[in-house]
Amino acid sequence: MDFLKARSTGLTLVLTVALALGLSLAPVPEALSPIPSLRRAGPVGPKLTALVLPASLTGKRPARPPSDTMVADAPGAPALPPEEEDEAPDAGAALADAPALPAVPTKPGIGLEELSAPTLARALELESLRERMGAQHVDIELNCRKAGADGACLEDGLAPFTRALAELRADTRRTPVRVVHLGDSLIASDYITDTVRDRLQERFGAGGKGFLFITRPASAGRWTRSGRGSDGWVIERLVDTKWPRDRVGWTGVAFSSSGGSQSTRYDVEGSRVAELFFLAQPASGSVALSVDGKTLQRVQTRGFSKTKSEAAFARVNLPEGAKTLSLTTSGKVELHGVSLETGAPGVVYDTVGLLGGMAEVYLRAQPAAFRAQLRQRKPSMVVLMVGGNEAFFYSRDRTTLDEVRQQMKDLVARVRANVPDAACLVMSPIDAGVRTMSGEAIPRRGSKEVGDIFREEARAGGCAFWDAYTAMGGEGSALRWLDEGLMLEDLVHPRAKGSDLLGHLLDLALQRAFAKSHAPLVPVSDTPGLQGADAALVKTFSRMSRREAGEALRLGISQLGASHTASHYFTDAVREVLAKRFGDAGRGFIAAGKPSQRLDAARVARELEGDWTVEDALEAPAGGLWGLTGVRAVGAPGAKLRIQFCKGCPDAKTPSGRLDLYTLDMPGAAAPDITVDGEPMPPDAPLPEPLAAPTVRVRSFPVSGPAHTVQVAAPANGGVTVLGASLEHDTPGVVLDALGLPGATAFNLRDMDAAAVDTQLTSRRPDLLVFWYGTNEANKADLDAAELRRDYTALIGRLRKATNAECLLVGPTDRLAQDANGRWSEAPALAPVLNTLPQVAKDAGCAYWSARAAMGGERSMLRWQRTQPALGHPDGVHLTPEGYARLAGAFVRDFLAAYEAHKKGQPTARVEDN
Amino acid sequence: MLSHSLQYLVFVIAVFALYWAVHRQYWARMAVLLVASTYFYAVFTPFPLLIFLVGVTVDHLLVKGMARVRSQGARKALVTLSVVSNLGLLAGFKYLELLRQTAVSLLAPLGVEVRTEPFSLLLPVGLSFYVFQAISYTVDVYRGKASAEHSFFEHLLYMLFFPRVVSGPIVRASELMAHFREVPSLTAEQGGHALFRIAVGLVKKLVIADVLGSGIVDPVFGAPEKYASAECIVAAVAYTFELYYDFSGYSDIAIGVAALFGFKFPENFNRPYLAKNIGEFWNRWHMSLSTWLRDYLYRPLGGNRVSKPRVLFNLMTVMVLGGLWHGADWRFAVWGAVHGVALGISRCWEWWVGKPESPGIPRVAVGMLATFTIVVLTRVVFRAADMTHAGEFYARMMAGVPGIANVSPLVWGMLAAAVFFHAVPMKLYTVSSELFVRMPVPVRAVALVLLGLGIRHLSAVETRPYVYLQF
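Chains A and B, in that order, give the protein sequences. According to my numbering, the first sequence is numbered sequentially starting from 1. According to my numbering, the second sequence is numbered sequentially starting from 1001.
Calculated from the structure, these hints are not laboratory results. Hints should not be assumed to be uniformly reliable.
[What the hints assert, rightly or not] Just the calculated beta-carbon pair ranges, DEER-fashion:
1. B:ILE1361 with A:VAL44: 53 to 61 Å
2. B:LYS1427 with A:THR49: 52 to 60 Å
3. A:ASP410 with B:SER1408: 23 to 31 Å
From the three backbone atoms N, C-alpha and C, an ideal C-beta is built for every residue, glycine too.
Same shape as in the complex, but just chain A (with noise of 0.2 Å):
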């Protein structure tokens, strides 16, 4: 072979590579064998593959030279991660595209329950991927921090914190609850901080971005926590070798703008409360506020010493619907940041991470202005997250355990003498690795150590300590997540994707220390998610399926309800997604009523011409005819009334369909003159037998194309009643049918004549009866639960023998009421209504859905009404468009969830037994 015929010089590279993996594998000593990690536990072929193949092509790294910007780093303390954009899927997307959930037998008591449905979803993503990792939850361990004589803790680390959260949650608080959070790198960018903080603030309310720099600290990351600042800034940091003296308090970075005017802006929508962090010094400049590019004010840095700096705050408020702040210097200027709140009570959390922070760094900071920083910003809690460096540092016997151990002590003395109220919660560093000439990563030393000693001063110190390392996985867990891509080449900065898991598990650890110290406000066990799905929707699922799989089918599904339904933003959310995936047969029906803009969006309209009236069952007595929506239009003679669907489509031949007409004939009363799209129909044929009382009466006529028009004119000598009108295509697909009353209960319905609801509903044909009531019985103090279960249990059955349907039972909304001085609890009867209908809906047969699960659980009313855009109607009832559509997105994606598991032969969450 020419190859080894090179010479010997082929034969030497062969026999050099087989003496080498000879020895690696022999059974030599370690210190003998050139590539010990051979030896290792473990099919050979793959470690063979790892050392011989560039990582880039096995997918494990991306394929780039040792640093982001294709230029080496300068070696040394581990530097920024690199920007990334994996942004969480934005939990509006889940409309237009709901992915099966992670089949994750997830625990209760995790610390889950109070999350919304769409982070929830993501939640369970991320508990796939703990498992997956071997990651853990870890309790906060909560330590004390005042002690009785008789040496009983009287309060434990996290109490200020959790007392604050649980005022939040009672609506007894009017005031932010702040978190600031210190710490390195990891959080630079705002990763894993952004997902607590998002979680946060959708549990308890948000109360502002918080804590801002000027501009960004550094030439890389994201600009999340930071304005948009113009170039000319002289940035300072505490983690600079020749770092800002006198001047800087936990803050951290000092912007000034010495030479010339400089500028900064910040995205303020929501914001009503803005506070600038600046250094009042002698002979200082001055710093305009403006808002929308009008000058608000102008803030003088000039100090009132004439010698000395003094950290200093300016606080402003911002009109109502202001979108940017602009701060623009005048003269030499220092400024340290901006704190944006919206001033309402909820969740303000700061988040400072400073490249190579460290606790020596963070002590760095002039104790004064640290301490008049923390004090104005009134933490409830200040999480302290460094360790990763000082680890570094330690592997690399560039400082030690004992010195370590000092710097932490000293900071947490520090944080807990400024600020005596706030809890403190000290964080362990993560796992990390290092890189061997041969390539391999194996476990770096020194988190465990530093860990360990983070923990001791923790728990002397009186603040509360979460071990991130265990909970990340223990040693060698860098490794793992490098190999899932959840961590950087750099083997000590997670990814996106892991510092995301790792602020779950925080999250997590948070929400269950909230939970140990809080009763429920509410006894119930209200689970998220749809439950006994795969038992009591079968048929509906296989219908499913099979139009998935091609078959020319319709499916029906009527809507029952209150206001929730009756609004349509709820059923039109959720008949966009199904149409779209399993195709539109149609608008369905539409009631007999005065013209509605909520019909607006899905393009249909109604007219009422003459003397009308429009009656409905709610104080009606038992046993009334009522159209499916339990109301009827009543035309005097001559009066004329007009549906029309599809208002401005355009003209077009197909598809046909049918067009239904119900309406209540009276005995002896003239037929109507009905007309659709301008023409005549003929008039009826004449029946077996005159009507003896009032009936229902469905009158259908073929149809071809999307746009039609149905009017309906009293005769001249008698009146007409009509229900409603439906609207179907031959085409397969959904039709979705929205009847709901407002301020309709379950008794109403069952009130409702039963011959004319089933004869109605039967011509529906629905596969699936959807049932929303629960949100109006809950407001009935008197209510009695054991009648409403009885009651409503019967009339499902009724409904499903009628229509041979399969039912799913939807819970009541969080629905709150608020006493004289403002203050919002739950409704009276919500307690009873929520522990009911599960029971219902297993009585029944039923699926079960609860909306205030999905929601967020207890006063997620409160927190839907105060987010940007509103979702929750100030009422404490009702949700607005925008919160009826996320809702819809949440159940869609549920429901489409239990469809995915039930094609898979996945059991879903069975209905919990109360």
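Position chain B against the provided structure of chain A, taking the given hints into account.
Here is chain B on its own, set in the frame of chain A:
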């Protein structure tokens, strides 16, 4: 896939096997090398390959144009176009951001609007080396020193040849492309010497450079205020040796690997710290760059054949631009300018006292010490993150803070080894190489495995990229 990694060694063995299996067929061996080179670069990052492909295409067309046209003016226009396009590439990817930042700091106070958003362009690995080599070829064709008759693929392989594409050496066409059409050969001696050279390069990089880098240079340069003055001085000296062993180790591997395929690369170093003056230093340090600067910049500026002030100006220009070539940061210009001043002083001294024929040991010793001191001091600017850090480092060096306890025995030992191997006569190296070549093949294999074991035990815990990778 850095050239001191296991993956690279395996890659080289695989390409070696393929290459020598087909080496008699021109197209086959060209295809092996071209595919291997493309693969090697793509493993780093594939995108710049497109830039290089376009660059080579443009240059190739210009070279063919030069071969066709007779008019000297047209030839000059074509070569100018090539130089401008290549420098444009370098300016765009490497210096645009520096220019923007400089413009902001200079013009913004005057009220002139300058773009404030960074360009955020990534610097393709090896671009600086690519550009200089590309210019050398087109200028050589213009000057009649290189043939224009090479095919496009030869041109492409010349630019992308994997042993040198990342960090050089900058190889002239006459040293590489001119040999593509010759059937290669590899004698036992040549192969043995090549393997020995690669082994020496690995030891230089992984044992000496990396241990010095992680053991003393990184910690002290990272936080000089934590270290004593003597420790800062040791760190500066250690960095001086780290840089040499890092880059010359890389160069040894590149030269050795090229030799395995039958190509002879020019030497890049000649024990530079034994130089007796700064001019000699530049004749011994990064020789492929300094000769490039001499041939394509210094001489076209007039070289030594102009007035003395103009010579000094030329020297300064070359050194400042040579400094900037290392990175888009004004500190590299400062570093180059200081060397330019030192070169100017050295040249003035020669004009004033003349070149001594036999300077004598004391004068040689003083010259070597002075030159080494200048190099060490200027290396601080080269290594520090910015001029502020460099200033702090100098201040710490001069502060007289006592203590030297942070220099570990391993670092002392490695520094001693660095000095020793730098100073020993070249004959020792030649003899060792001969000894290796004469070993029977199995013994050679055992020696290489033992060497690998030694590297494993002596090297730093972590591998570090080559310092020159960033240039």
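Hint check results:
At about 59 Å, the CB distance of B:ILE1361 to A:VAL44 agrees with the hint of 53 to 61 Å. A C-beta distance of roughly 44 Å is found between B:LYS1427 and A:THR49, which places it outside the suggested range of 52 to 60 Å. Our hint of 23 to 31 Å for A:ASP410 and B:SER1408 holds, since their Cβ atoms are close to 28 Å apart.
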